[in-house]
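Residue numbers (our numbering), protein chains in the order written: chain E, 10 to 545; chain B, 10 to 545.
If you are wondering where the hints come from, they were derived from the structure by calculation, not from laboratory data.
Among the hints, a few may not be true.
The list treats identical chains as one, so a pair stands whether inside a single copy or across any two.
[Said to hold, decoys possible] Result set (EDC-like, lysine to aspartate or glutamate): computed pairs, CA atoms no more than 16 angstroms apart in a straight line: (1) 410 to 19; (2) 410 to 12; (3) 20 to 492; (4) 20 to 189; (5) 20 to 190; (6) 410 to 302; (7) 273 to 296; (8) 20 to 205; (9) 20 to 39; (10) 273 to 503; (11) 410 to 500; (12) 533 to 428; (13) 273 to 177; (14) 528 to 492; (15) 273 to 480; (16) 528 to 19; (17) 410 to 446; (18) 528 to 453.
Protein chains: 2
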Amino acid sequence: MSDAWQVGLEKTPANYVPLTPLSFLARTAEVYPQRLAIVHGAVRRNWGEVYARARRLASALARRGVGRNDVVAVIAPNIPALYEAHFGVPMLGAVLNALNTRLDAPALRFMLEHGGAKVLMADRDHTAVMRAALEGMANPPLLVDIEDAATQTLPPLGPLTYEALLAEGDAGFAWSPPPDEWDAISLNYTSGTTGDPKGVVYHHRGAYLNAVSNILGWGGMGRHPVYLWTLPMFHCNGWCFPWTMASVAGVNVCLRRVEPAAMKQAIAQERVTHMCGAPIVYALLVDAGPSFEHTVQGQIAASAPPPALIEGCARAGIELTHVYGLTETYGPASVCAPQEEWAALPLEQRAEMLSRQGVRAALQEALTVRDPTTLDEVPRDGQTMGEIMFRGNIAMKGYLKNPATTAAAFAGGWFRTGDLAVVHADGYVKIQDRSKDIIISGGENISSLEVEETLFRHPAILHAAVVAQADAKWGEVPCAVVELRPGMTAEAAEIIAFCRARMAHFKAPRRVLFAELPKTSTGKIQKHLLRRMVAP
Amino acid sequence: MSDAWQVGLEKTPANYVPLTPLSFLARTAEVYPQRLAIVHGAVRRNWGEVYARARRLASALARRGVGRNDVVAVIAPNIPALYEAHFGVPMLGAVLNALNTRLDAPALRFMLEHGGAKVLMADRDHTAVMRAALEGMANPPLLVDIEDAATQTLPPLGPLTYEALLAEGDAGFAWSPPPDEWDAISLNYTSGTTGDPKGVVYHHRGAYLNAVSNILGWGGMGRHPVYLWTLPMFHCNGWCFPWTMASVAGVNVCLRRVEPAAMKQAIAQERVTHMCGAPIVYALLVDAGPSFEHTVQGQIAASAPPPALIEGCARAGIELTHVYGLTETYGPASVCAPQEEWAALPLEQRAEMLSRQGVRAALQEALTVRDPTTLDEVPRDGQTMGEIMFRGNIAMKGYLKNPATTAAAFAGGWFRTGDLAVVHADGYVKIQDRSKDIIISGGENISSLEVEETLFRHPAILHAAVVAQADAKWGEVPCAVVELRPGMTAEAAEIIAFCRARMAHFKAPRRVLFAELPKTSTGKIQKHLLRRMVAP
């Protein structure tokens, strides 16, 4: 009998096509060629034009010898050229490597060499650091200068501009889906704080599924949403939103810089409906004063949104959804899926609900919290800590040229995040800490996040981070570094007392420093720098 | 270099999980266990309960020896047991065969034998026809009676009820995704008008993708939509909507019969947001008089919605989206994706736009109209006819035990629909006819659909169908069979004149008969019966 279900039922070109998010652009250009696709200053292009430009890029690169598994590196802020590269590069079977614009020359040099980039496209604000990164390189990539109208600040890398490259290409270039949906689509280096960056490889299948999962996670995005590019496209390929936006035939509103005035203006003028970012992005926006009358859906990640921010956003007309993920999971792979009854809760309790990393994303297959050694699941008691692990199609292909680290990351059939969490009775996961951020004081674990959340309730505190400080008696004690709101004051002793009134005394900070918090380009606080700051 | 993109980047259980729509139910039961999942008369069950019942079903069937690629047949209207079978049966790797409730015993017998059903579950309204179908069968399936509260009309098939079967199973049954996403999930027999029915096999990958494509085709369905089950679940697995509804954690409102009063009541009481069906379903609803105040999204297929119906639906608060597909494409694989500017058009023009089959569905890969012999694409002139062909992951695995017919259906790398169409300048496809429905009169092709659309503009005509009638002089001439609106009159000569005033004279019907139109269970007009009716 079983044979009957195989014979004559094989895959054919008619009924099996490898999944690729490039298909979304092709469809949208077919169906909505005249609809607005991208806005960048005075530049407004429709989907027909974006598709034509992406095909020109693919064609021009192919003519210059770029092909399957060749790396094309790009360093640029959120501008149309980087958006187009998300399609034009993989149309060839080549691999997009979007570089973090905040990195220094040695880190960028490492990435160019490790990935073996055959082409480097650089925005004119970033040519100086790239020139330093390229210096003395044996096989330098083909250099392409992106001449964005908004900037011509630095000398070009060479004679070839992005527009000249496009002009070499054919707008009718006949691309095909990759032969295998497991083929690489992009390469994203982690910004680890120790050791060399790791090259996280994404495949077409995962990019396709996460792009769709983004839509479902928002309960659908409606027809033709307008998306503000506050989240960097170089960060996990903008959580796959370049591909999502092609699928929904929406509008990409570009931003060179995440500045409050520019955000406010874009939201009001273009009637932005959706955006993503770290808490700092929303804090900037809220502090700038709301000036739009419609509702904006905002995905927020990197750290839990504090109650004051949730309230501020609500007043400004921004509805927050908390998501969580890592470079290894294409961006968000969990979502704090809202439950209807939360709307009726008082703000503090609602914030408590929203602060959780939540449940697996719509198209992710599993999210679990386990003992990293025994792989036993932790009970749903909100107390027992374990490591967050994911399984499914929204997990990287692996680390490039790093099979041992890849195998360790996937050991036991789970992707191990390194983040420690508890599971609440409703199945929602809440991060307690990165393993390395746990403070061990007198043998007791202290979650630095828990202390930070208490600090955030203090009315004068804008930002706060807690790290371990060596202590002769206790081994470690918590030390807080805080930034106060403009025009407000507070003293260390008063802040410590505030915390002791709200949590176990051993968890309260022993010391409070006042300083600006060092952050990465994606808004994460750099705790390794804080540890140096508080070292005795 | 290329090796670097393979080694250490293989599929692992952590980063590759076969796609299956069963995953949607598992996630929704995890995240929204208490939310309402299904309503059927007095029965209201939440997602936790539906998941538990589906797992019980899988477990009980497994204990009775059902396994991978075993067929479980079900004959039932749109009731919870059939919904549960869409999950419980494939959880085992078994194949769901939902039988058309309008078929006669010989056709059902053919399906049971051809598919080799190991289990037959029958609603108590359908036991008589099944008893006849089973009579004298050498290896009859295990018989299970579904004792729906709403009906106990006929004697049971045997001693085992559906609820007793569930009681044998384990609500914690540990199912796994299929080993291969290409594995069969269901078997759906076409209701062809000639020859034996063909057994269309769906796989998990296609069911997953079409379930998601349904959501995207509606621009997202919002959080927790309420879906009215007017479209039969036995028809292309209800266009994959059982799985769609699990993904969006919505409410399934069951209906044993598509009756206007029951539909009106359900829409108002449960605040239905979405429904699907043939034009006749919407016509019944509109004629019954609107009685709800919110907007309902309606997908409409089988034939183009006539202008009067579009207007009637708009007045009733139903927003229609025209979709098109076949059993072989899991239901809709094209959608008449709305363009914003259509809203401003006068009704007749808007209806003209909406009457088209449109463009490929969100997650389908290609839709094309080609010469069936040369495979040349037809120009976008709205005139040149060709055959509609699809390519992508929303095309069947093939016909069961029928490799020659499967190969013919996929010849040249395209699934050939047998439907003839033109392509308009905007790329939207419009069906002119099934190949066999074309009328050839004096050597000229006449599209029966074109004549029907003209007839639909006549104020007294409710339903109309046009078929060829043999003619000594012209070979064939068009003959119309019409149903008039209740209380209205019209004469044949006047109707013919009405048509001649609006189209080429040779296309106008030569003869008009007044009769009730014979329809299939899915609302399609049975033209083969009409041809017999008009035969001289």
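Hints the structure fails to honour | Hints 3, 6, 8, 9, 10, 11, 13, 15, 16, 17 and 18 not satisfied by this model.
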